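Enquirer: Put together the whole structure using the sequences plus the hints.
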Amino acid sequence: MSIRLENVFYIYGKGTKEETCALKKINLTIEKNEFVGIIGHTGSGKSTLLRLLNGLERATEGSVYYNGKNIYDKDFSMKTLRGKVGLVFQYPEHQLFEETVIKDVQFGPANMGMTPLETELFAFQALKDVGIGEELIDVSPFLLSGGQKRRVALAGVLAMKPEVLALDEPVAGLDPEGKENIFALLKRLQKERDLTILFVSHSMEDIAEYADRVIVMNQGEIVLDGEPHKVFRYQKELGQIGLDVPVSAKIANSLREKGFAIPGDCITVDETADAVIRWYQDRKRGAV
Amino acid sequence: MRSGGLKVLWRRIMQKKKEAVLIETKDLAHEYGRRDENGDVTGIVRAIDGISLTVRAGDFVTVLGANGSGKSTFARHLNALLHPTEGVVYVDGIDTSEEEMTLAVRQTAGMVFQNPDNQIISNVVEEDVAFGPENMGVPSLEIKKRVAESLAQVGMQKYRHHSPNHLSGGQKQRIAIAGIMAMHPKCIVLDEATAMLDPAGRRQVLETLHRLNREEGITILLITHYMEEAAEADAVYVLKQGKIALAGRPETVFGESDKIKDCGLALPDVSRIVQKLNNAGLPIDKRILTPEKLTEALGRLAAE
Chain R
4 MSIRLENVFY
14 IYGKGTKEET
24 CALKKINLTI
34 EKNEFVGIIG
44 HTGSGKSTLL
54 RLLNGLERAT
64 EGSVYYNGKN
74 IYDKDFSMKT
84 LRGKVGLVFQ
94 YPEHQLFEET
104 VIKDVQFGPA
114 NMGMTPLETE
124 LFAFQALKDV
134 GIGEELIDVS
144 PFLLSGGQKR
154 RVALAGVLAM
164 KPEVLALDEP
174 VAGLDPEGKE
184 NIFALLKRLQ
194 KERDLTILFV
204 SHSMEDIAEY
214 ADRVIVMNQG
224 EIVLDGEPHK
234 VFRYQKELGQ
244 IGLDVPVSAK
254 IANSLREKGF
264 AIPGDCITVD
274 ETADAVIRWY
284 QDRKRGAV
Chain U
853 MRSGGLKVLW
863 RRIMQKKKEA
873 VLIETKDLAH
883 EYGRRDENGD
893 VTGIVRAIDG
903 ISLTVRAGDF
913 VTVLGANGSG
923 KSTFARHLNA
933 LLHPTEGVVY
943 VDGIDTSEEE
953 MTLAVRQTAG
963 MVFQNPDNQI
973 ISNVVEEDVA
983 FGPENMGVPS
993 LEIKKRVAES
1003 LAQVGMQKYR
1013 HHSPNHLSGG
1023 QKQRIAIAGI
1033 MAMHPKCIVL
1043 DEATAMLDPA
1053 GRRQVLETLH
1063 RLNREEGITI
1073 LLITHYMEEA
1083 AEADAVYVLK
1093 QGKIALAGRP
1103 ETVFGESDKI
1113 KDCGLALPDV
1123 SRIVQKLNNA
1133 GLPIDKRILT
1143 PEKLTEALGR
1153 LAAE
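Going line by line, the protein sequences match chains R and U. For the working numbering, add 3 to where a residue sits in the first sequence, where the first one is 1. For the working numbering, add 852 to where a residue sits in the second sequence, where the first one is 1.
Just so you know, the hints here were simulated from the structure itself, not pulled from any lab data. Keep in mind that the hints are not guaranteed to be accurate.
[Unchecked claim] Result set (BS3-like, lysine-lysine): computed pairs, CA atoms no more than 30 Å apart in a straight line: (1) 17/R - 72/R; (2) 1111/U - 878/U; (3) 233/R - 1128/U; (4) 1113/U - 190/R; (5) 1145/U - 239/R.
Computed from a predicted model, the values in this text were never measured in an experiment.
Expert: Here it is as structure tokens:
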């Protein structure tokens, strides 16, 4: 299972005065089971990129391959693709609409043409996965807390049994506890359900903490792509395109500039703290 | 003669006292009726449960709290969008429950909301900023002056003829702030106004707020769940289940890491690093909240 984008262009309002190139010559491969973060300032093309993956938007030029098949081929089923690549929009809880939690989660799989038995089974399983207990399944989704609503919305996508989850700012507006819950859930889905996960984020700290790979976008182009420890070495370049490095990386970098023996790949709280502690202990040992 | 002098002095003292406190809430409580699909009330939610606090004119105050802690409900009281179920709210001496004073309250304390796209109504930046003063009946020459001034205050004068639709989230929020500044408020209340912005946008908005606070003396009430945004505040209040769980200077509040966690919040990364260093025996001041201060402190440690 992989997703491949070849020379993809996406142009809004082609032929009008407002013509804008939202994506420029994107070449990208996402392998099965990857956990990929996408960063970029507002309007850099991140959300458009996500929408291409399940065929919600169609590339103006270029091709998108899912498992080696061109999704723009005539005999390719977009409906199946939309079940395989689950797209989770920003603030997905705004799209909850059913009377009860369970009905809302069943809506997706029922629409995909699954049997009532499958629909029910998958909905129950999805709610269990996101940690919504049985006592809540017959409750109106509108009575739940923000964090719970978000998880119900996520369950609605999971119930369609996707292979890929593409999430647009999955933790926006959630408090730290709600945020940790969502990321723990996504990590578990990656490991236990073999899902491939892509998420757009504005938080460099979240990328450093959770992503195995980070794609950096600027003005419709991919400017950096790699393991977060490597990508966050480009502090100056990221600053120039309106982004940043995690606070922990900033501290480690400025200490190194001051001549501290701190390695260049500290990007999380633990990594920076451990490096400083090691420096301190080495120094103490040296003094003795 | 002497008594006349006393009178003047007394009036001055009263004036000063009035100026000193801009917002005051006393035992403020707010209850929502929980309704079923037929609209019948099935239960009562006490979103705010006895909040008493004062904000002095010119202060930068941050109100922190997890989702559902009551912080947005609290914000809406300061702008007379909600009225107290119990207790009172005074904004610049005005009781917000007096309905004929609602406009005066809103001109004193302007509000910026979370989603920048929901607050912009005009096709041209300039017109959007002019909307508030126009509605207040400010003469048009004066409006022109105010619009130019407030756009300069938020650093957006370059964009005055632009369409707001093409601006970034941070720029849109600055336009929303300019719209409030044009009404000459004493206070700006921001309800999670940075939550939907990218890092650059968040920085822009925070810098703008600190500048307005410093240079124009505008009182700022910033409601957020990002603890980092509280680091430079004069005072911090942490809400939990509608009550004030913690209050004080940021250094003091951030020192209470267990209570912070208990409120569903997380310490900023700088504080978490400091905590780890302290645990490992490094003599670093636990009140340090910014990366710059931390590297300085470590620099001093290295020089010893």
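Enquirer: Against each hint, give a clear statement of whether it holds in the structure.
Expert: Status of each hint after checking the structure:
As the CA atoms of residue 17/R and residue 72/R are separated by approximately 27 Å, the hinted pair is consistent with the 30 Å bound. Taken as a hint, the residue 1111/U and residue 878/U pair is honoured in the structure, with Cα atoms around 24 Å apart against an allowance of 30 Å. Under the criterion of a C-alpha separation no larger than 30 Å, the hint pairing residue 233/R with residue 1128/U is consistent with the structure, at around 24 Å. Under the criterion of a C-alpha separation no larger than 30 Å, the hint pairing residue 1113/U with residue 190/R is consistent with the structure, at around 22 Å.
Restraint check for residue 1145/U and residue 239/R: the C-alpha separation of about 21 Å stays at or below 30 Å, so the hint holds.
In this structure, none of the earlier numbered hints is contradicted; all agree with it.
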